[in-house]
Amino acid sequence: DAKTTQPPSMDCAEGRAANLPCNHSTISGNEYVYWYRQIHSQGPQYIIHGLKNNETNEMASLIITEDRKSSTLILPHATLRDTAVYYCIALGAGNMLTFGGGTRLMVKP
Amino acid sequence: EPEVTQTPSHQVTQMGQEVILRCVPISNHLYFYWYRQILGQKVEFLVSFYNNEISEKSEIFDDQFSVERPDGSNFTLKIRSTKLEDSAMYFCASRSGRGLGGYTFGSGTRLTVV
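Listed in order, the protein sequences are those of chains X and P. Taking our numbering, the leading residue of the first sequence gets 15, the next gets one more, and so forth. Taking our numbering, the leading residue of the second sequence gets 2, the next gets one more, and so forth.
Be a bit skeptical, because a hint or two may be false.
[Unchecked claim] Straight-line distance between alpha carbons at most 30 Å, and here's what the computed BS3-like set of lysine-lysine pairs gives:
1. P:Lys43 / X:Lys66
2. X:Lys83 / P:Lys84
3. P:Lys79 / X:Lys83
4. X:Lys17 / X:Lys66
5. P:Lys58 / X:Lys17
[To be verified] Distance windows between CB atoms, simulated:
6. P:Asp72 / X:Pro21: 20 to 28 Å
7. X:Met73 / P:Ser97: 17 to 25 Å
8. X:Ser42 / P:Glu54: 27 to 35 Å
9. X:Ala27 / P:Gly98: 37 to 45 Å
10. P:Lys79 / X:Thr40: 32 to 40 Å
[As the list claims (entries may be wrong)] Covered stretches of chain P, going by a simulated chain X footprint (3 or more residues, C-beta under 8 Å):
11. 18 to 32
12. 79 to 90
13. 103 to 110
These aren't lab readings, by the way, just hints derived from the structure by calculation. Bear in mind the structure is a predicted one, so any value in this text is a computation, not a measurement. Yeah, the Cβ is synthetic: ideal placement off N, Cα and C, and Gly gets one too.
Here chain X stands alone, though its shape is the one from the complex (with noise of 0.2 Å):
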């Protein structure tokens, strides 16, 4: 699967939107970018996945450029309890899923 780039950390106010980055230059066509989340010490949690398209659920949105090569998580509204490491995972349909650094985001009041 193809390596993801996230910065290691970042901050967010409470009530406005969260944009988390991650490069994925390398990605292959039949890869989709999947994006978990780790609140401290709990077990990940799937959010929102994407081939191409942008896709938009409950809890956030992903935008995925044309070329494929980078995307951004949005939660669009901020909470403290989004405060959470945030895992973007480029996964082709039978790997496994394996995770990297992610980015640390806290979200402040």
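Got chain X sorted already, so can you dock chain P onto it with the hints?
Relative to the frame of chain X, chain P by itself:
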């Protein structure tokens, strides 16, 4: 919403003892996994299980580890002779297998080897 359930939430064991960590995956899921996370480190893949056999394992998953699905609901991880470095959070996960849906993780078992 369906959950993956792990028990116990915390286990303390003496070095050299055997431990069994238990998981009840989501009932209609077909793929099962164990991951671990040593304190302050990344979440690491250990093993995947499908159709009653191991489908993939990492180099961490050596001979002291084994997995079993003894009945239709439980999925267990056994560590035969625990070492201090086995102290970690152990997460079970399951996936339905249909399409590319997300993995659902349990809340983990904190294993402390003393």
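Against the structure, the hints come out as follows:
1. Taken as a hint, the P:Lys43 and X:Lys66 pair is honoured in the structure, with Cα atoms around 27 Å apart against an allowance of 30 Å.
2. About 42 Å separates the Cα atoms of X:Lys83 and P:Lys84, which puts this hinted pair outside 30 Å; it is violated.
3. Between P:Lys79 and X:Lys83 the alpha-carbon distance is near 41 Å, which puts this suggested pair outside the 30 Å criterion.
4. Proposed proximity of X:Lys17 and X:Lys66 is supported: the alpha carbons are some 17 Å apart, at most 30 Å.
5. Using a Cα cut-off of 30 Å, the hinted pair P:Lys58 and X:Lys17 holds, with the two alpha carbons roughly 20 Å apart.
6. Taken as a hint, the range 20 to 28 Å is violated for the pair P:Asp72 and X:Pro21, whose Cβ atoms sit roughly 45 Å apart.
7. A hinted range of 17 to 25 Å for the beta carbons of X:Met73 and P:Ser97 is consistent with their spacing of about 19 Å.
8. Remark: the range hint 27 to 35 Å for X:Ser42 to P:Glu54 is upheld by a beta-carbon distance near 28 Å.
9. In this structure the supplied range 37 to 45 Å holds for X:Ala27 paired with P:Gly98, their Cβ-Cβ distance being about 40 Å.
10. Separation of P:Lys79 from X:Thr40 is about 38 Å and conforms to the stated range, judged on CB atoms against 32 to 40 Å.
11. With 0 residues carrying a beta carbon less than 8 Å from a beta carbon of chain X, the region 18 to 32 of chain P misses the three-residue requirement, and the given coverage is violated.
12. Residues of the region 79 to 90 of chain P with a Cβ under 8 Å from some Cβ of chain X number 1, which does not satisfy the need for three, so the listed coverage is violated.
13. Counting residues of the region 103 to 110 of chain P whose CB lies closer than 8 Å to any CB of chain X gives 7, which reaches the minimum of 3, so the coverage claim holds.
Checked against the numbered hints given earlier, the structure breaks hints 2, 3, 6, 11 and 12 and satisfies all the rest.
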